[in-house]
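**Q** Based on the hints, put chain B in the right spot on chain A.
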Amino acid sequence: MDFLKGTGVTLRVTFIGLLLGMALGLPLALMRTYGSKPVSKFAETYIALFRGTPLMVQLFLIYFGLPDFGITLERLTAACISLGLNSAAYQAEYFRGAFTSIGLGQMMAARALGMSKIKAIFYIIIPQALRLVVPGWANEAIGMLRASSVIFLIAILDVMGVGKVLSGRYFTPMASYSAVAIIYVILVLSMGWGLNKLENSLRIPGLQVELRK
Amino acid sequence: MNNQPVIACQDIHKKFGQTEVLKGVSFDVFNSEVIVIIGPSGTGKSTLLRCLNLLTIPDQGKVWLEGEEITAPKVDINVVRQKMGMVFQDFNLFSHLTAIDNINVGLEKVCHFKKNEANEKALMHLNQVGLVDKKDLYPGQLSGGQQQRVAIARALAMDPVVMLFDEPTSALDPELIGEVLIVMKNLAKSGMTMIMVSHELGFAREVSNRIIFMENGVIGEQGSPEKLFTNPQNARTAQFLHKINELYGSTEEEQIAGKDVL
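Just so you know, the sequences run in chain order A and B. Going by the working numbering, the first sequence wraps up at 721, each residue one higher than the last. Going by the working numbering, the second sequence wraps up at 594, each residue one higher than the last.
Keep in mind that the hints are not guaranteed to be accurate.
Here are the computed distance ranges between Cβ atoms for each label pair [said to hold, decoys possible]:
#, chain 1, residue 1, chain 2, residue 2, range
1, B, Gln342, A, Lys705, 52 to 60 Å
2, B, Ala404, A, Leu557, 38 to 46 Å
3, B, Ser373, A, Lys705, 45 to 53 Å
4, A, Lys549, B, Glu449, 39 to 47 Å
5, B, Met456, A, Ser544, 34 to 42 Å
6, A, Gly516, B, Val464, 53 to 61 Å
7, B, Gln342, A, Tyr542, 25 to 33 Å
8, B, Asn448, A, Pro575, 54 to 62 Å
9, B, Ala404, A, Leu581, 52 to 60 Å
10, B, Asp360, A, Leu710, 44 to 52 Å
11, B, Lys347, A, Pro575, 51 to 59 Å
12, A, Ser709, B, Asp491, 35 to 43 Å
13, A, Ser548, B, Gly399, 34 to 42 Å
14, B, Gln473, A, Asn647, 23 to 31 Å
Which bits of chain B does chain A cover? Going by a derived footprint, with three or more residues having C-beta under 8 Å, they are [unchecked claim]:
#, stretch
15, 419-425
16, 435-442
17, 467-478
For the record, the hints were derived by calculation from the structure and aren't laboratory data. Using N, Cα and C, we set each Cβ at its ideal position, and we do this for glycine too.
Here chain A stands alone, though its shape is the one from the complex:
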């Protein structure tokens, strides 16, 4: 048990959480933007619930609460699921923003060619949305990396968990938690750098906001 192993746990859980969040979040955003009234309402409710409650509470409900209903999850599983369900709500809103900013005209042009709604969404809207969503998604990714620290509360040895154990063992809270902080900073900066590279590689010539004006 050391910070290296802890970092590994943090990264793994963050990665799975983000992936799960995207797998759920993108369909949720589609439901919100293009779904019928009941479908849209369902998505809206999900998003409101998971954004309206603290991640910690969601984690505890899933890990400590579900066993009451006979669903006992292993620590890491519970952590990944909680992070995933939570991230889905935030990612859904980022994707929805991307869909909205694409504008009605693209959908109209696609439908005018004879594309079904589904084809239009798949071939025209989503490819553009994936590029537009990168800044927001990067924000969520970095947020998730930091928010994942909450999983130490269910005795997972992520970076924060390791820090807490070391602090207790050697009576060095300042040193231990500073180390935790530094590790997070390094992780966040690296992730930010990587996502920036991704955003640049996805840029469509001639399109999109030149923020550096």
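**A** Then chain B, alone, in the frame of chain A:
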């Protein structure tokens, strides 16, 4: 060739909220006719056009394409729309695709062409609008006039029986309007059935077979360009045409003056 209209609509009504924009519009368009719809803003011209390919669903009324009623319940509107090409005021090119892929995507994903067949056809249509050399550029790298010409090529590639133009030149700089109108003129000459909402009266006068003047959600008057320009029946028609001529005159002068200042 039977005398069945290519596209026909009857008693189209459309309300947006409390405002009734279309109050009962009916007309026929025959093969190779070029129709220009003119009128003051807000009279529902664009709405009417979008009702023809059901991008806007009319509250009341029917639309026929080549004799088939497309407003009937069991119609697959996606199949119908392949036969109607639409060109928008804001071009609406797919910004993540190059010029040629903008045309390819419809051919491949809707008409199920193979990649090389689609590419060949796309090149032909790009050539038709004079933009083969720009085929690998993205819409963001093209001027407005070029984007609109690609949009026209994209619509033509689907081999429609009628082309619908919703103010195709209204969003263009005056210098760029010409190149688009040339494409449209050639299209008309080739016999395409065209319905256009436009303020380009010069074009209407020169190229159209019939002008429809819309006012207050209904057709105020329709007839050949000569008739409407020289001897309109409706006083409002005369007033509108006169005002537009005036307006266009002063606008041109203002623009020339503006250019000197800049």
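**Q** Could you work out which of the previously given hints the structure breaks and list their numbers from low to high?
**A** Structure breaks no hint.
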